[in-house]
Amino acid sequence: MAILFAVVALIAAACSSSDDSSSGDGDFKVAIVAPSASNDLAFTQSIVDAVNVLVDNGSISEVAITDSTGVPDDAAVAIRDYANEGYDLVIAHGSQYGGSLQEIAPDFPETSFAWGTSADTFGLDNVYSYEAASDEGGRVMGIMAAALSQSGTVGIVGPIEVGDAKLYVDGFKAGVLIQNPSANVPINYIDSFSDVALASEAANSLIGAGADVLSGTAQMVVGAVGVAKTDGVLWFGTQANQTSLAPEIVVASQVYHWEGILEEMVTNVKDGKLGGELYVINFANEGLVIEYNDGFDLPDDVRQLGDAAVEQFKSEG
Amino acid sequence: MTIDLSRRQRRFLAYSIPVLAVFAALLFGAIMLILLGADPIEGYSEMFLGAFGSGDALVATILKATPLLFVGIGIVIAFRANVINIGAEGQLVLGGLFATMAALYLPEMPPYVMIPLVLFAGLIGGAIWGWIPGVLKAYYSVNEILSTIMLNIVAVQLMAYLLRGPLIDPAEIERGTRIPQTARLAESADLPLLFGSDRFHIGPILAVLCAIGAYYLLWRTPMGFRLRAVGLSEHAARYAGIPVRRTITLALTMSGALAGLGGAVLVFGSESHRMVTDGSTLGFTGGAGFNGIVAALLGGLHPLWTIPASFLFGGLIVGGQALQRAVQVPSALIVALNGLVVIFVVAADRYRSKLLAEDGRDMVADADGEGGGEASAASSAGDVAPTGTDSFRPTGTYDTGDDR
Amino acid sequence: MSDIFTIAVLVAVVASAIRLAVPLLLAALGETFGQRSGVLNLGVDGMMLLGAFTGYYAVLKTGNVWVGLLAGSLIGLILGLASAVIAVTLKAEQGISGIGIYLFGLGMSDLLFQKLVGTPIPIDTFPQVDVPILSSIPYIGEMFFQHSMVIYLAFAAVPLAMFVINRTTFGMNIRAVGEYPEAADTLGVSVARVRYATQLIGGTLAGTAGAVLAISLGIFQGNLTNGAGFIAIALVYFGAWRPVGVMAGALLFGFINALVLELKTLEIIPRDLSNLAAMAPAIITILVLAFAAGRFKAPAALTKPFTRGK
Chain V
4 MAILFAVVAL IAAACSSSDD SSSGDGDFKV AIVAPSASND LAFTQSIVDA
54 VNVLVDNGSI SEVAITDSTG VPDDAAVAIR DYANEGYDLV IAHGSQYGGS
104 LQEIAPDFPE TSFAWGTSAD TFGLDNVYSY EAASDEGGRV MGIMAAALSQ
154 SGTVGIVGPI EVGDAKLYVD GFKAGVLIQN PSANVPINYI DSFSDVALAS
204 EAANSLIGAG ADVLSGTAQM VVGAVGVAKT DGVLWFGTQA NQTSLAPEIV
254 VASQVYHWEG ILEEMVTNVK DGKLGGELYV INFANEGLVI EYNDGFDLPD
304 DVRQLGDAAV EQFKSEG
Chain C
3 MTIDLSRRQR RFLAYSIPVL AVFAALLFGA IMLILLGADP IEGYSEMFLG
53 AFGSGDALVA TILKATPLLF VGIGIVIAFR ANVINIGAEG QLVLGGLFAT
103 MAALYLPEMP PYVMIPLVLF AGLIGGAIWG WIPGVLKAYY SVNEILSTIM
153 LNIVAVQLMA YLLRGPLIDP AEIERGTRIP QTARLAESAD LPLLFGSDRF
203 HIGPILAVLC AIGAYYLLWR TPMGFRLRAV GLSEHAARYA GIPVRRTITL
253 ALTMSGALAG LGGAVLVFGS ESHRMVTDGS TLGFTGGAGF NGIVAALLGG
303 LHPLWTIPAS FLFGGLIVGG QALQRAVQVP SALIVALNGL VVIFVVAADR
353 YRSKLLAEDG RDMVADADGE GGGEASAASS AGDVAPTGTD SFRPTGTYDT
403 GDDR
Chain B
174 MSDIFTIAVL VAVVASAIRL AVPLLLAALG ETFGQRSGVL NLGVDGMMLL
224 GAFTGYYAVL KTGNVWVGLL AGSLIGLILG LASAVIAVTL KAEQGISGIG
274 IYLFGLGMSD LLFQKLVGTP IPIDTFPQVD VPILSSIPYI GEMFFQHSMV
324 IYLAFAAVPL AMFVINRTTF GMNIRAVGEY PEAADTLGVS VARVRYATQL
374 IGGTLAGTAG AVLAISLGIF QGNLTNGAGF IAIALVYFGA WRPVGVMAGA
424 LLFGFINALV LELKTLEIIP RDLSNLAAMA PAIITILVLA FAAGRFKAPA
474 ALTKPFTRGK
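Residue numbers (the working numbering), protein chains in the order written: chain V, 4 to 320; chain C, 3 to 406; chain B, 174 to 483.
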C-alpha cells in the first residue's frame, strides 16, 4: 500500500508543472467560473462567447473555464485556485458566488475579480461587478410582441422569480402593456431553472390561455421554444441568440454582449486598476443588442417600433 | 479458484481491492481524457495533488468530506434499523434553513452560546424532515424511499420560497438584484477556525465526534440495540417487546437530525456565511445527500469506517475538480468519472467480501463492531439473515453459505 | 385577472398531465419489473439521461424519430445489462451501484452532448396521431386521443406488463424470485437469469423513457430529466409494485404538476406563493399513499443478492 502511494507521489512530483507563474508581458489570463454548462444557449454561454471574442482579438491570451459549478463553496475553491495560479482576471459568473467572493478577493490583492450578475463590489478595489439591464430589451421586445399579437395575449415563461430573470420578465410585461394597455400578459414561473418538460407544458398552458406570442428566460426555456415552434406561436428570446432553436417563429433575441465592458475591464486591469466599478450592459453602450431573425418576415412598422424603443434607451442612457 | 494465501496476504489483497478498483475506473477515465485531448498523467497527478498534495488540499478534502460524514452516519443509523433514507438532500437543506433562521432571528449573543444554538436549530430542522417520513412509514405504511424522495422536492421549493421571500437580504431588494440569498449571517455564529487556518473549522471535528457517538449509540446503548434488533427482524423485535414503530421513527429522525446538523455546518462553515440558492438542492449540498449514502455503504455501514470512506470520497470529488481545472475538461466528465469509481469499487466489493469472509471465523472473536469492512461487521454482530422488508440491510454477504 | 376555470381548461390540463406522465410511466414500469424480482435500481435517472441523449443524437443524425427511439432503447438495454452484471453476478450493494450509474449517466450524457453537439440544435418530435373516431369526441377526444404514437404505446405497455407479470410463466418466475429466491432456485428457476431479464427490461424501458422525453421536447440539455428517474422509482412504491398502480401514480403526479401550471397561468396562484404551490405534486403523492393505506408488501427479497446456498 505504501509502495503504491510512493509511486503515485513520485509520478505526481515529476509531472506537476510550476504553478506560480504570473503573466508575462502580453499575457493576459482569464478564468471563468460559472454555474451552468458553457453551451446552455443562455446565461453561461453569453460570458464564454464574450471572452472568446477577446481571445480572438488578442486582448486575452489564455482562458480557463470551470462550468456547471452550482455550489458556491466549490466555486470558491476554483476561484481561489485560479487566483493562486496567477490568472489576471477571475470572472465569477454567478449571482450565488458573491458571498464567497467577498471573502476571497481580499486574499488576492494582485488579482482582479469580476462578479456578475450583480451590482455590488463590496467596497473592494479589486472587484468589478457587472449586470445586464435585461429589462430594457424586455421592454423593447414586449412592445413588438404586443404589436405582433393578434389575440391580445402575450405569455411569458420564467424559472424562479429572482434576479436577472425577474428583471427581464417585468420589463417584457411592461413593454407589452405600453404598446397595448388592455393586453393580457400571463406569466408562468415554473419554479425551476432546469425542468425543460415543465417549461414546455407551461408554454402549452399559456398558448391555451390565448397567447400567440411568447417569451421566456433561463436555460430550461428551450422546452417552451419547442412548443412554440410546433404550434406556430412567435417567440422572443433573451440572453443568447435563439434563432437556431426555431427559425420559423423566433422573431428576435436580446443578446448579451459582455465583450464591450469586458474589454474595458481588461484594459483597466492592464493599467493597474483592478476593480471598484459597477458595469451594466444596456442599449446605450451596445452591450445589449436586439438580434433579429432574418428568416422571419417582420412587418416594417413593428420593426420601427422596436428600433424607436431602442433609440429611446440609447438617448436616455 | 483456490490459491493458498496466508491470512495476512488475504487481508492485504482484500484491502487493496478497493484501491485497484479505483485504478481501474481511472484507467477508463484516462481513455476519456485522451479522447478529449487532455493529458491523463498530468490530469491525474493534479487530481492527487489537488486532493492530498498540500495542506490546503487536505483542508479542502476534509471540508468536502464533512457533510458526507454527517449524512453517512445518519444513513448508517437508519440502515441498521432497516430503513433507507434517501432524503438527506432535503434534510441538509432543512437543517441549513433552520440554522439560518436561528441566526437571523435570535438576538445578538456571544459565540459560545450562538454556535451551539444555530447548530442545534439545524439539527432540529433535519430531525423534523426525518421524523415525517419516519411517522409515515411506521404508522401509515408509506415506504420511506417514496416519502424521502418526495420530501426532497418539497425542501427545494421551501428553500426557494424562504430565500427569495422572508429571508432575503434586504440589500438585495434595495439594489434590485433580488439574488435569493440571506444577508451575511451573524458573525458570532461563524464556526471557529482551527490551527490558524482561514478555512478549517470545527465542522470536521464535530462530524468525527458524531461518528464516535453513533458507534457508542449503536453498540453500547439499549437504544442502539433496539435499532439494530428492529433492523434484523421486526418480528423478533416485536416479540421481544421492542416498540418497533417508535424505533423506526426514531431511526429516521436521528438520521435526519445528523444530516440537518451537516446542513447547519455547511452554512456556517461556508466561505460566504450566508445561505444562497440556485433553485436546486445540489446547489446547496453539492450532492452530499447522495454521496453520503455511498460513503456510508463503502464504510460497511459502520460509523467509524464511514470516516475514512468519507475522507476518500471527499478526496475523489475535490481531486476531480482540480483535475478539471488543470486539463480544462468539462465538469461533466468529472461527474461521470465519480460515477465510474463508485461502480467499480462497489462491483469489486464482492471479491473483497469473499476474501474477508474466509477470515470471518477469526474476526468473530473480535469485539463487537470492530474489524474492518462489511463482512466482519455483520458477522461479528452475529447477524441473522433478515426476512422480507423492502430496504437495505447492514451489508454482509447474503450467501446462505455464510450462515453463522 | 383570473379567468374562469372552464371545461376547456380542464381538458387541456388532463392532456398535459398525460404528456408529463409518460416518461415517468415508462421508467417506472421498467423499475417495477426489476423490483418485483428483487433488484432495486437507483440508477434509473442516469439510464434515462443516456437514453435521452442517444435518442436525441440519433434523431439529429438520421432525421427519423423512430430510429431515435430505438437508439435510446438499445442504450437502455446495454445499461440494463451492465446493471444486471453489477447487481446480480457481482452481487454489489444495489443502492450504491445505482447511484454510481446515476452519476455516470448524468455526467456522460452531458459530456457527450457538449462535445458532440455543442450549442443545442432542435430535432423533430413525434407527430401527433389522432385516433380515428375517438378523437372527435368532445372533450374526451382532446384529452386522450390526440397524442403522439409513443404515448398510446406507453399506456398500452401497462396492460402488457400486467399480463406478463400475472399471466405468464416468466411473470410467475419473476414474482417467485422476488419473494422466495431460495425456493424458486430449488424448483429449478434460475434466479440469476430471471433477474438479468428484468434488469434488461428495466434498462430498456428507462432508456426508452429518456428518448421519449428528449424527442417529445425536441431538444436535449444537461440533466434533461431533472430527477424524473428518482420520481419514477418512488412511483413504483406508490403503485405497490403493480403496473396499474404505477400508472395511477404517474398520472397523479403529472396531473398535479399540470394543474399547478395552469393555475399559475390563470393567476389563481399568487406569484409570491408560487414555490409553495410547486410542492403540491410531492405532498399530494405522499398524502394519497398515506390515506390509501398500504396493504401491499414489498417483494421479500428486494435488494438482497442471491447465491445458491451450500
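What the hints contain is simulated information worked out from the structure, not anything from laboratory work. Owing to the predicted nature of the structure, the values given are computational and were not obtained by experimental measurement. Quick reminder that beta carbons are idealized off the backbone N, C-alpha and C, glycines included. Don't take each hint at face value.
[Claimed, not checked] Here are a few chain V residues that face chain B, going by a calculated C-beta distance under 10 Å:
no.: 1; residue: Glu164
no.: 2; residue: Ala214
no.: 3; residue: Gly226
How the hints compare with the structure:
no.: 1; hint: Glu164; result: 6 Å, holds
no.: 2; hint: Ala214; result: 9 Å, holds
no.: 3; hint: Gly226; result: 5 Å, holds
In this structure, every one of the numbered hints holds.
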